[in-house]
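Enquirer: The chain contents come next:
Protein chains: 2
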Amino acid sequence: MQLRSFLKSAGMGAVGAASAASVLPAPAIAQSNPEIKWRFTSSFPKSLDTLYGGAEVMAKLCAELTDGKFQLRTFAAGEIVPGLQVFDAVSNGTVEMGQTAAYYYFGKDPVMAFDTGLPFGLNTREHASWIYGSGAFQIFREFYAEHNITNFVFGTTNAQMGGWYRKEIKSVEDLKGLKFRVGGFAGQILIRLGVVPQQIAGGDIYPALEKGTIDAAEWVGPYDDEKLGFNKVAPFYYYPGWWEGSSYGALFVNTKSFNELPKHYQNVIEIGSRYVTDWMRCKYDHENPQALRRLVAGGTQLRPFPRAVLEACYHEAQKVYDETSTKSAWFKRIYDHFKPYRDDQHTWMRVAEHTYDRFIFDMSARRS
Amino acid sequence: MQLRSFLKSAGMGAVGAASAASVLPAPAIAQSNPEIKWRFTSSFPKSLDTLYGGAEVMAKLCAELTDGKFQLRTFAAGEIVPGLQVFDAVSNGTVEMGQTAAYYYFGKDPVMAFDTGLPFGLNTREHASWIYGSGAFQIFREFYAEHNITNFVFGTTNAQMGGWYRKEIKSVEDLKGLKFRVGGFAGQILIRLGVVPQQIAGGDIYPALEKGTIDAAEWVGPYDDEKLGFNKVAPFYYYPGWWEGSSYGALFVNTKSFNELPKHYQNVIEIGSRYVTDWMRCKYDHENPQALRRLVAGGTQLRPFPRAVLEACYHEAQKVYDETSTKSAWFKRIYDHFKPYRDDQHTWMRVAEHTYDRFIFDMSARRS
Numbered sequence: 001m002q003l004r005s006f007l008k009s010a011g012m013g014a015v016g017a018a019s020a021a022s023v024l025p026a027p028a029i030a031q032s033n034p035e036i037k038w039r040f041t042s043s044f045p046k047s048l049d050t051l052y053g054g055a056e057v058m059a060k061l062c063a064e065l066t067d068g069k070f071q072l073r074t075f076a077a078g079e080i081v082p083g084l085q086v087f088d089a090v091s092n093g094t095v096e097m098g099q100t101a102a103y104y105y106f107g108k109d110p111v112m113a114f115d116t117g118l119p120f121g122l123n124t125r126e127h128a129s130w131i132y133g134s135g136a137f138q139i140f141r142e143f144y145a146e147h148n149i150t151n152f153v154f155g156t157t158n159a160q161m162g163g164w165y166r167k168e169i170k171s172v173e174d175l176k177g178l179k180f181r182v183g184g185f186a187g188q189i190l191i192r193l194g195v196v197p198q199q200i201a202g203g204d205i206y207p208a209l210e211k212g213t214i215d216a217a218e219w220v221g222p223y224d225d226e227k228l229g230f231n232k233v234a235p236f237y238y239y240p241g242w243w244e245g246s247s248y249g250a251l252f253v254n255t256k257s258f259n260e261l262p263k264h265y266q267n268v269i270e271i272g273s274r275y276v277t278d279w280m281r282c283k284y285d286h287e288n289p290q291a292l293r294r295l296v297a298g299g300t301q302l303r304p305f306p307r308a309v310l311e312a313c314y315h316e317a318q319k320v321y322d323e324t325s326t327k328s329a330w331f332k333r334i335y336d337h338f339k340p341y342r343d344d345q346h347t348w349m350r351v352a353e354h355t356y357d358r359f360i361f362d363m364s365a366r367r368s
Numbered sequence: 001m002q003l004r005s006f007l008k009s010a011g012m013g014a015v016g017a018a019s020a021a022s023v024l025p026a027p028a029i030a031q032s033n034p035e036i037k038w039r040f041t042s043s044f045p046k047s048l049d050t051l052y053g054g055a056e057v058m059a060k061l062c063a064e065l066t067d068g069k070f071q072l073r074t075f076a077a078g079e080i081v082p083g084l085q086v087f088d089a090v091s092n093g094t095v096e097m098g099q100t101a102a103y104y105y106f107g108k109d110p111v112m113a114f115d116t117g118l119p120f121g122l123n124t125r126e127h128a129s130w131i132y133g134s135g136a137f138q139i140f141r142e143f144y145a146e147h148n149i150t151n152f153v154f155g156t157t158n159a160q161m162g163g164w165y166r167k168e169i170k171s172v173e174d175l176k177g178l179k180f181r182v183g184g185f186a187g188q189i190l191i192r193l194g195v196v197p198q199q200i201a202g203g204d205i206y207p208a209l210e211k212g213t214i215d216a217a218e219w220v221g222p223y224d225d226e227k228l229g230f231n232k233v234a235p236f237y238y239y240p241g242w243w244e245g246s247s248y249g250a251l252f253v254n255t256k257s258f259n260e261l262p263k264h265y266q267n268v269i270e271i272g273s274r275y276v277t278d279w280m281r282c283k284y285d286h287e288n289p290q291a292l293r294r295l296v297a298g299g300t301q302l303r304p305f306p307r308a309v310l311e312a313c314y315h316e317a318q319k320v321y322d323e324t325s326t327k328s329a330w331f332k333r334i335y336d337h338f339k340p341y342r343d344d345q346h347t348w349m350r351v352a353e354h355t356y357d358r359f360i361f362d363m364s365a366r367r368s
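Read top to bottom, the protein sequences are chains A and B.
Using this note's numbering, the first residue of the first sequence is number 1, and each one after it goes up by one.
Using this note's numbering, the first residue of the second sequence is number 1, and each one after it goes up by one.
Hints may contain errors.
For chains that are exact copies, the list does not tell them apart, and a pair is met inside one copy or across any two.
What the hints assert, rightly or not - Below, simulated SDA-like cross-link-like pairs (lysine to any residue); rule was C-alpha separation at most 20 Å, straight line:
hint, residue 1, residue 2
1, K263, E35
2, K263, Q71
3, K339, V196
4, K319, A365
5, K339, R366
6, K327, T213
7, K176, P82
8, K167, S134
9, K232, N259
10, K108, W330
11, K263, G203
12, K179, R350
13, K167, F305
14, K339, S364
15, K319, D362
16, K339, R358
17, K108, R367
18, K319, M363
19, K179, F331
20, K179, A312
21, K339, E323
Since the hints were made in silico from the structure, they are not lab data.
With the sequences and hints as input, model every part of the structure.
Expert: Here is the structure:
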């Protein structure tokens with residue numbers, strides 16, 4: 001395991017005088033915690049208390065690890081930067097820091113989809129060990145460096161659900177003509193099977209689904225989906241969301257701003273982003289079971305995607321990745337790096353982890 | 001999700017003058033990072049670079065988040081405190097901080113097994129959300145407070161393997177008379193099925209297994225087991241290690257020492273312990289697949305425990321827990337709290353996560 005980390009390189013030397021980035025003048029003696037204020041914009045609205053909540057936890061943490069001196073002021077999507085322009089705002093220095101999902105910028109380079117998580121890719125734990133352990137993170141660092149961004153992993157939704165459907169999906173045929181709110185690689189894969197992908201912002205999904213303008217919509221999972229009320233207008237809730245078997249958020253920091261920080265403030269960002277990732281994973285794992293129970297009690301009908309549907313999507317996905325590899329050098333580099341790692345991970349996870357899970361889940365189902 | 005956390009209560013107020021615990025006298029102006037040196041003892045030897053490595057990461061992190069001022073000096077098992085006396089050493093203030101596994105102190109109160117992870121209990125992610133999200137952590141805090149200890153979660157081995165066997169286990173009958181190096185609750189469960197549990201320290205297992213003094217031994221998983229060389233003296237490697245479907249480490253801090261720290265140093269410990277937990281989970285997930293591949297290439301024969309064996313052990317486990325609940329009020333309190341949470345977790349995890357995993361693992365197996 002390479003601790004891909006400033007912990008590795010920073011050593012334990014004291015930072016001398018106050019950094020040039022300090023807002024306050026240095027006092028007569030060395031000041032180890034200079035006062036620094038940053039603007040921290042998010043792609044998410046405040047109502048999503050787990051996604052946006054991650055930004056708030058980060059701000060609190062940066063203050064509390066620096067005796068109140070490193071202050072991040074958080075802004076929800078649209079307050080100072082539109083939700084889908086976080087990448088540009090950080091890259092050009094409009095803000096020092098931004099929270100987003102890298103796959104929103106898929107159009108800049110498809111490699112950014114990998115940073116969030118590939119359809120039929122690694123699960124939540126596998127993705128984390130790939131990023132931190134395999135050297136994948138360094139490749140992303142190189143990519144973002146070209147855009148004046150220093151990147152960090154920032155939270156995860158874990159495996160998502162497959163969305164809400166007005167009618168059942170019983171076969172691959174049923175995908176034909178389906179107007180489905182879904183984006184990114186999943187849309188590209190599904191279009192090959194006849195789906196008509198729709199790009200609709202979060203707040204507009206409910207009325208579209210209610211009126212029948214669309215036939216289905218995917219969002220995140222039970223906890224977030226329940227908030228948007230999809231259960232009231234679509235009875236069938238499918239799983240798994242194979243396009244987001246894990247889905248990781250991103251923290252983008254303007255590289256010039258980052259380099260001006262005292263070393264131990266840089267460490268606070270690195271440690272803090274990893275803390276938030278852990279916090280968010282746990283929060284979703286804690287909230288989703290309760291939300292699922294409420295949804296099912298309220299009449300939601302859970303449905304697994306038919307095996308034939310999963311397999312058809314899987315095979316189209318592989319073709320999309322092969323084609324994308326011919327178009328993006330960054331995508332090819334990370335995809336080639338990813339494949340053997342994925343296979344090793346799956347081989348191991350099938351053994352102790354999956355066998356354990358299968359047994360305890362089975363015994364639990366017998367009790368209920 | 002309750003962020004069981006000093007983040008919640010600490011607020012952002014500045015810590016005034018240097019703490020009373022500061023080793024150096026306060027200078028003329030307020031010193032936000034006082035110099036503090038602690039002794040940090042471990043239950044593990046330095047050779048276990050993932051378990052003991054967690055203590056080293058923690059020491060580095062505490063220094064680097066405080067501009068080098070909060071210094072933990074790490075000691076391996078036996079250097080200043082015997083490996084299995086960490087609890088007492090922290091409790092009575094011999095050292096300020098210790099790394100250990102709570103279930104080693106099972107004899108003091110069986111509730112401590114829960115802190116590590118119960119046989120047939122929660123998996124790695126479920127245990128984390130239970131601890132941080134459900135209020136379980138607060139109950140452990142109350143328990144440890146009686147012993148002058150402020151506790152933190154500190155690392156995880158993830159699902160362990162079921163150990164190394166000189167002969168195959170084909171039925172429940174094969175457990176009878178089996179001399180098996182295993183401890184804690186697993187030993188109590190297995191003894192009811194005829195196993196003769198053996199308590200043997202890590203370094204002594206290999207010769208015992210080689211000579212046939214014991215028939216089988218469990219340790220951790222591929223990465224750590226390979227280091228001890230068990231594959232050379234026992235051909236069959238069983239899974240899953242149902243007694244440690246997840247296995248979490250503990251960080252114990254002497255409460256008086258903790259209370260004397262500046263608030264933001266307390267935060268560093270909390271954030272740091274969670275960082276180490278994440279780091280260790282990732283490191284094991286990264287190392288185990290490669291170690292498993294090497295072991296299998298070297299002739300190790302993987303075997304799943306027969307379903308009948310798992311079920312027999314599972315049923316005995318439930319009886320042991322019911323009996324233990326009548327003997328320990330702490331155990332009963334946490335077990336009653338645990339059961340409905342476990343059931344909700346399993347219900348949810350079976351849906352998106354497990355279905356996703358099953359599919360991607362299956363497709364991966366077809367490729368290989």
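Enquirer: Each hint needs a verdict: does it hold in this structure or not?
Expert: Okay, the hints, checked on the actual structure:
no. : hint        : verdict
1   : K263 - E35  : both (14 Å within a copy, 18 Å between copies)
2   : K263 - Q71  : both (16 Å within a copy, 17 Å between copies)
3   : K339 - V196 : neither (29 Å within a copy, 44 Å between copies)
4   : K319 - A365 : between (37 Å within a copy, 19 Å between copies)
5   : K339 - R366 : between (37 Å within a copy, 14 Å between copies)
6   : K327 - T213 : neither (34 Å within a copy, 61 Å between copies)
7   : K176 - P82  : neither (34 Å within a copy, 67 Å between copies)
8   : K167 - S134 : neither (42 Å within a copy, 36 Å between copies)
9   : K232 - N259 : neither (49 Å within a copy, 50 Å between copies)
10  : K108 - W330 : within (11 Å within a copy, 56 Å between copies)
11  : K263 - G203 : neither (40 Å within a copy, 41 Å between copies)
12  : K179 - R350 : neither (35 Å within a copy, 28 Å between copies)
13  : K167 - F305 : within (13 Å within a copy, 42 Å between copies)
14  : K339 - S364 : between (34 Å within a copy, 10 Å between copies)
15  : K319 - D362 : between (35 Å within a copy, 19 Å between copies)
16  : K339 - R358 : between (25 Å within a copy, 18 Å between copies)
17  : K108 - R367 : neither (50 Å within a copy, 31 Å between copies)
18  : K319 - M363 : between (39 Å within a copy, 15 Å between copies)
19  : K179 - F331 : neither (28 Å within a copy, 53 Å between copies)
20  : K179 - A312 : within (18 Å within a copy, 50 Å between copies)
21  : K339 - E323 : within (15 Å within a copy, 49 Å between copies)
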